[in-house]
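The hints should help you fit chain D onto chain G, whose structure is shown.
Sequences listed follow chains G and D, in order.
Numbered as in the working numbering, the first sequence ends at 69 without a single skipped number.
Numbered as in the working numbering, the second sequence ends at 478 without a single skipped number.
Derived from the structure by calculation, the hints contain no laboratory data.
Keep in mind it's a predicted model, so treat the numbers as computed, not measured.
Each hint should be verified, as a subset may be incorrect.
[Stated by the list, open to error] Calculated lysine-lysine pairs in the DSSO-like style (CA-CA distance at most 27 Å, straight line): (1) G:Lys46 to D:Lys383; (2) D:Lys109 to D:Lys83; (3) D:Lys100 to G:Lys27; (4) D:Lys383 to D:Lys288; (5) D:Lys272 to D:Lys466; (6) D:Lys109 to D:Lys153.
[As the list claims (entries may be wrong)] Listed next, with one range per pair, are the computed distances between beta-carbon atoms: (7) G:Pro35 to D:Asp348: 51 to 59 Å; (8) G:Asp21 to D:Asp298: 14 to 22 Å; (9) G:Asp21 to D:Lys288: 24 to 32 Å; (10) D:Glu438 to G:Ser32: 29 to 37 Å; (11) G:Pro35 to D:Lys83: 37 to 45 Å; (12) G:Glu29 to D:Asp46: 17 to 25 Å; (13) D:Glu438 to G:Arg45: 18 to 26 Å; (14) G:Arg45 to D:Asp405: 34 to 42 Å; (15) D:Glu313 to G:Glu42: 25 to 33 Å; (16) G:Glu42 to D:Ala31: 31 to 39 Å; (17) G:Gly49 to D:Arg312: 28 to 36 Å; (18) D:Ala473 to G:Ala16: 33 to 41 Å; (19) G:Ser32 to D:Thr468: 17 to 25 Å; (20) G:Ser32 to D:Arg54: 31 to 39 Å.
Just so it is clear, CB atoms sit at the ideal spot from N, CA and C, and this is done for glycine as well.
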Amino acid sequence: MPADISDQTLDFLLARAGLDLTPAQKAELKSVYPGIAAMAERVRKPRGIMAEPAHAYGFNPADLGEDL
Amino acid sequence: MAAPAIPTIAEAAKRIAAKQLSPVELTRACLDRVRALDDRLHAFVHLTEERALAEAREAERAIMAGGPKGPLHGIPIGLKDIVDTKGIPTTCGSKILQDNIPDTDAACAESLAEAGTVLIGKTTTHEFADGGPSFDLPKPPARNPWNTDHFTAGSSSGTGAAVAAGLILGGIGTDTGGSIRGPAALCGIAGIKPTYGLVSRAGVAPAAFSLDHIGPMAWTSEDCALMLQALAGYDARDPASADRPVPNYTAALGSGIKGLKVGVIHHFHEVDYKVSPGTQRGIDGTISALRELGAEIREVQLSPLQDWQACGSLISITERASAYDEWARTRLGDFSERVQRRLMLGALVSGVDYVQAVRRRRELRAELKAAMAGLDIVLTAAAPGEAPKIDNVPIWDVFDRPSFTIPFNVAGYPAMSICAGYGEGGLPVAVQLVGKPFDEATLFRVADAFEKATPHRNARPALA
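Isolated chain G, as found in the complex (with noise of 0.2 Å):
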C-alpha cells in the first residue's frame, strides 16, 4: 500500500462511498491517509492463505432454529 495518495485517486475512492467533501476536508483526509496505509500494513503479515479471519461462522442452536 502506497504511503500516500494522489488527488485523483482521493477523488475516486470518495466517490464510490458517495461522501462529498470540501476542498479542506479532502486535504486533511488526504494528509492523514499515511497513517492508514500504515495501519493495513501492520495487519498484512505472511500468513498463507489458510488463516481464518476472528469471524468465521459456526451454527449454534439460534441459527438452527433449534430455539423455536
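For chain D alone, coordinates are given in the frame of chain G:
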C-alpha cells in the same frame, strides 16, 4: 432516614434493605446534586425527574411492604444517551436524532429497570459514541468533576462525570475501543467492559458491531459487580449474545487474592507508549499493593501496542462507516466535525485491508490466550496519563498515540479500569485489569481487594 452524602451502591443497598435509607430521599439527594452541579459538568442531556421520583416512591412502597428485590432496588442510575429508552428522547448526542423517542427499551435499560433502579436521566455521550469532545453538537461535552477545565475522555463521558460527582450511583457506558474504561480512568471511578457477548447490545446504537460492548460504571468495582449481575445474560435479540450461565459476581469478594497470578504487560506502557509519571506511579503502586496482598507477579510479552491499535482501528473505522453509511452519504454535514472526520476515513480502508485486520485479530486473540495460560489476570495502563485540558484534545488521536484499551476490544476479553491514585493537578490516574473470557468474577475479586487495601476510594471531587 437522611441520605448519606454519596453512598456507594453496596452501602446504599444495605441501608435500604435495613430500612435506614429511603429510595425517595436518596433520589432527591441525587437530583439536588444534579441541580447544583450539572451546569458546570454537563453530564446529562435529558433529566427524567418526575419519572425518577415516581420510581423511587414505588420502590420505597415495595421495599416497605416486602423488602428489596435485590441490591439495585431503589438505586439512582443514568443511561448513556445511545441506549434506547421507551418514551424518553434518545439522541445519541446528534442533531440527526434530536427528535428520536424510541418505543422500546434497550435490553440493558430493561434489565436495570427490572432490578428496580431509578432512572435519573440520559447521560452525555460523544456523538454516536465517537470522536469528542465536540463543541458543535446540540449539547456541550461533559466536563471532568476533578477539574472542569479538563476532559472526561469518552465516549461515556456523562456517565463518568455523573458517577464521580455523585449525581448517580452507577450508570451504563458502552465501549468500542475504551469508551467505558477511558472515562472511568480520567474521572477516577471503576468501569468494566465485560466479555464480548455477555451483555446484550440490543437497542443500543452501534459504533462498530464486532467491537461494541455494554457495561457498568460506578464508584467501586463492587458496585460494578452488582450492576453486571443484573445486566449479564443471553438475549436472542443480540446475534452476538453468549448463551451461557451467569456466575455470582460478588461471591468471591473479600476472599483475598493470595496466590493469584497477575501478569504485567510492562512493554505496553513503558516501551510502546510511555505513560505519564503519575500514571506510572499508579501502576507501580498497584503492582506493589497486589504483591502485598499475596498475588504473584509475572511479566507478559505481547505484540506491540501499535499492532493491536492498527487491527482495532481498521475494524472500527470500517464497521462504523458501514453502520452510518446512509447518513454519511446524505447528511454528512449534520454530524459534528469530529465525527465527519471519522466517517471520511472509511473511504480510505479497502475491503482487503478490513479482512486482513480481521485475520490479524484471530492471531492476536490466540496470542493473548497463550500469554494468559497460567495467569489469572493481566495488568497494564488504562490511559496514557491524567485528563488533558478539554480544549487540548487531538483531532486525530487515532494516529497520534496507541490506545491501551483497544487491545481488549479486539480480543473481546473482559477489562476494567480502576482508580490507582492521583497524579498531576490532583487528577485521577488508573490501571487496567484484564481477565479471561467470562471470568469477570476474578477481575472483581482483585479490583475489590485493591480498592479496600488502598485509600483511593476515600476522596471525591471537591465540587461534589
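Verification of the supplied hints:
1. At roughly 20 Å between alpha-carbon atoms, Lys46 of chain G and Lys383 of chain D fall within 27 Å of each other, so this suggested pair holds.
2. Pair hint Lys109 of chain D plus Lys83 of chain D does not hold up; C-alpha atoms about 39 Å apart against a cutoff of 27 Å.
3. The suggested pairing of Lys100 of chain D with Lys27 of chain G is violated, with an alpha-carbon distance near 40 Å, which exceeds 27 Å.
4. The straight-line distance between the Cα atoms of Lys383 of chain D and Lys288 of chain D is roughly 25 Å, inside the 27 Å bound, and the hint therefore holds.
5. With a C-alpha separation of about 15 Å, the suggested pair Lys272 of chain D and Lys466 of chain D falls inside the 27 Å cut-off, and the hint holds.
6. A C-alpha spacing of about 9 Å is found between Lys109 of chain D and Lys153 of chain D, which places the hinted pair at or below 27 Å, so the restraint holds.
7. Against the hinted window of 51 to 59 Å, the Cβ-Cβ separation of Pro35 of chain G and Asp348 of chain D comes to about 29 Å, which falls outside the hint.
8. At roughly 51 Å, the beta-carbon separation of Asp21 of chain G and Asp298 of chain D lies outside the given 14 to 22 Å, and the hint is violated.
9. At about 41 Å, the beta-carbon gap between Asp21 of chain G and Lys288 of chain D misses the expected band of 24 to 32 Å.
10. Hint check: Glu438 of chain D to Ser32 of chain G, Cβ distance near 31 Å, so the stated range 29 to 37 Å holds.
11. Between Pro35 of chain G and Lys83 of chain D the Cβ separation comes to about 56 Å, which falls outside the hinted range of 37 to 45 Å.
12. Between Glu29 of chain G and Asp46 of chain D the CB atoms are about 45 Å apart, so this pair departs from the stated range of 17 to 25 Å.
13. About 39 Å separates the C-beta atoms of Glu438 of chain D and Arg45 of chain G, a value inconsistent with the hinted range of 18 to 26 Å.
14. In this structure the hint that Arg45 of chain G and Asp405 of chain D lie 34 to 42 Å apart at CB holds, the actual value being about 37 Å.
15. A C-beta distance of roughly 28 Å is found between Glu313 of chain D and Glu42 of chain G, which places it inside the suggested range of 25 to 33 Å.
16. In this structure, Glu42 of chain G and Ala31 of chain D break the distance hint of 31 to 39 Å, their C-beta atoms being roughly 57 Å apart.
17. In this structure, Gly49 of chain G and Arg312 of chain D meet the distance hint of 28 to 36 Å, their C-beta atoms being roughly 32 Å apart.
18. Roughly 55 Å separates the CB atoms of Ala473 of chain D and Ala16 of chain G, a value that falls outside the hinted 33 to 41 Å.
19. For Ser32 of chain G and Thr468 of chain D, the Cβ-Cβ distance of about 44 Å falls outside the hinted range of 17 to 25 Å, so the restraint is violated.
20. Taken as a hint, the range 31 to 39 Å holds for the pair Ser32 of chain G and Arg54 of chain D, whose Cβ atoms sit roughly 36 Å apart.
When each numbered hint is compared with the structure, violations occur for hints 2, 3, 7, 8, 9, 11, 12, 13, 16, 18 and 19.
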